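Same order as they appear, the protein sequences are chains P and X. Per numbering that gives the first Met the number 0, the very first residue in the first sequence carries number 0; after that it's consecutive. Per numbering that gives the first Met the number 0, the very first residue in the second sequence carries number 0; after that it's consecutive.
In case anyone wonders, no lab produced these hints; they're calculated from the structure. Be careful, since some hints might not be right.
Heads up, simulated BS3-like pairs for lysine-lysine below, C-alpha to C-alpha not over 27 Å straight-line [claimed, not checked]:
1) X:Lys134 - X:Lys56
2) P:Lys325 - X:Lys154
3) X:Lys104 - P:Lys314
4) P:Lys314 - X:Lys174
Please read all numbers here as calculations on a predicted model, not as lab measurements.
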Amino acid sequence: MELNRLHLSNRNLNLVLLAILVTVCVYVTPGYLAMRRPDALRQGPGVTRIAHLSDWFADIKGTAGDTDVYILDSGKPGGSALILGGTHANEPAGYMAAILMLENAVPLQGRLYIIPHANASALTYTDPMEGVPREFTLQASSGKRVFRHGSRATSPMHQWPDPDIYVHASSGQQLSGSETRNLNRAYPGRADGNFTERIAYAITSLIRKDGIDLTIDLHEAAPEYPVINAIVAHERAMPTASGAILNLEIEGVVMGLEPSPATLRGLSHRELGDSTATLALLMESPNATQGRLRGRTDEALILTGKDSQYVRGQKLGRLFVPYDEKGWPLHLRVARHVGGLQAIFTAHAMNAPERSIVLGGVPTYDELATKGLEPFL
Amino acid sequence: MRQAAPIVCTLLLLGAGTAKAQGFNLKAPIATQPTLVTGVGQSADIEMVKVLLNRGKVVFKADPQAKAGALAATGSKSLVLVIGGSSKGLGAAGISAEVDIERAKGLVAEARKLGLKIIGLHVGGEGRRGQMSDKFITGAVPLCDYVIVVATGNKDGLFNQLCGKGRIPLDSVEKIANAGAPLLKAFK
């Protein structure tokens, strides 16, 4: 009798727990699936064609790794540049700078390629246990704009399981297993590699087939990371990068210069520079949302970068960027990237005038820093 | 951008004009072209100095790890030391700070034998100070005939102290881009 009652009680408890689980799943699933819907990006006045990354490597066609490639062709002789945003989809200044460029830039000389979401799969989920918002909203001049905020690496739904150790194919370099889904450890990629390596291979193929002169990969880093507010350059891109830094300095923007380490493999600035003719560069801006010292992680942190823990970290001398109560707002981080891009194009034009990339319509660093992103989106 | 290139050049020239108006502590050119640019501390700052020299049309060769024995063969008539330590740069070069300081001292000694003038630049500002960089600064600055420093790197007056209150002419500029003017003025 007692045993029967206990059995019934356990069964009821199980049913209740199951019902709670189903309710939670029903509640969160639409939000989770909504992250698979692409952001609505405006086609700017300079866009002459929208291609797909699979046009350069058909194997990824129809997969979550395929992504839009915006081409802005002036029709006039000059050089070509590729802007990569969203290599890490939890670094919003990178892809917002790319989006701002594609919605505003007008090519006057040469060709510009923009991939705002280089790892589109990484934008379809957020990292478990990090409590990071799935999206953020801007009241832009074109209306309310909602942008997804994803993860550092390819979704495990698209590439699973991770090995214990990730071995970079062309160098044999060993990293932790989760890095196997990190696009910026996968270059130059492999046609017969894993999902992320095939995305990297598609990007490398685009650079090779279209003879891209300059490739700029836009990133962010935690304020406690030493390579920050900096341009990282392959040795062949050093004259361009150092010229760009001087150009930025004239505008009052301080940017560091870091050489691409020859022994750190799989990164865009190393592998694309080594395996293609492109001048490979990467830019970093400071982002508290991906840092380990951060406090409350919400949409406001993405947009303002204000965090009392980072102010404390600065006072303790633990950071590599100045950090005060003003934070590092998204528009200032994007301004650094956009100003940096223009400074790179200027330096490249000085070094190789016949391969110039000239753009009109792009807001300046000062305009973005003072007016914010909203008037330009 | 090609359109912006003239603007940048104009700004640099304006910087040079302003610099002349300010009057530098180095009163007359001391160095002859071509020059050899080398790093002391193996920082990426050497790349910035190369841009300044290129934009000023100074004839130079650059070798971050130039050695005393090879100096004469370069045909250089002066030496530019870009001072500032980088653990990454030293690591990439596969040398220690001590080895690089000794290399620089040997190079300077050889330059002296050959009658070359030596210009030192510290353009990394505050970020290129601290225990690592200060080893190179204290080792190299007293060996120079002329020193240019970006002001944020000299907040504590270390460069004034090392230059011996005017014994070695020292010029301080606010930005790296402004270092081009006194640097060009140092060449005949």
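Hint by hint, here is what the structure shows:
no., hint, result
1, X:Lys134 - X:Lys56, "violated, 32 Å"
2, P:Lys325 - X:Lys154, "holds, 25 Å"
3, X:Lys104 - P:Lys314, "violated, 38 Å"
4, P:Lys314 - X:Lys174, "holds, 26 Å"
Of the numbered hints listed earlier, those contradicted by the structure are 1, 3.
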